[in-house]
Amino acid sequence: DIYPCRVAGFSRTLDADPFRSGDRVAGCLTARELVRECYGEEIGVESTCPLDAVRSEPFIARCCRSERGGLRHWNGMFGAVVHWGASPREIAEAVVNVAAAWRDGDG
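In terms of this note's numbering, the sequence shown opens at residue 445 and continues consecutively.
Just so you know, these hints were derived from the structure itself, not from any lab. Using N, Cα and C, we set each Cβ at its ideal position, and we do this for glycine too. Keep in mind that a hint or two might mislead.
[As the list claims (entries may be wrong)] Okay, the calculated beta carbon distance ranges per label pair:
no.: 1; residue 1: Ser531; residue 2: Ser491; range: 20 to 28 Å
no.: 2; residue 1: Gly549; residue 2: Gly488; range: 36 to 44 Å
no.: 3; residue 1: Arg512; residue 2: Pro462; range: 25 to 33 Å
Required output: the full structure, derived from the provided sequences and hints.
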């Protein structure tokens with residue numbers, strides 16, 4: 445199996461290793477789009493997107509897609525999405541905003 449990048453310490457990664465027959469990639473929507481663009485549909489991509497893992501509300505999730513950020517409903521559940529590069533302050537603000545909206549019934 446291949447993982448998105450070497451930063452996490454995985455031995456085989458999308459950014460450095462060729463694919464072999466039967467390989468699957470662990471990755472998010474961005475990884476899926478990159479794999480499809482470069483290799484077509486033959487490579488399987490197993491989702492590791494934090495948003496795909498949301499199972500209850502309210503939630504806070506990180507995502508690499510900045511257009512998904514902010515207060516929102518995802519798969520019918522209310523919460524906040526912060527960018528992977530968000531600062532601790534931005535994450536704390538998201539928690540406060542989710543809690544306030546949830547408490548006020550806006551979630």
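Results for each hint:
Distance hint check for serine 531 and serine 491: the Cβ-Cβ separation is about 26 Å, which falls inside the suggested range of 20 to 28 Å. Glycine 549 and glycine 488 have their C-beta atoms about 41 Å apart, which keeps the hinted 36 to 44 Å range intact. Taking the beta carbon of each, arginine 512 and proline 462 are about 31 Å apart, inside 25 to 33 Å as hinted.
Of the numbered hints stated above, none is contradicted by the structure.
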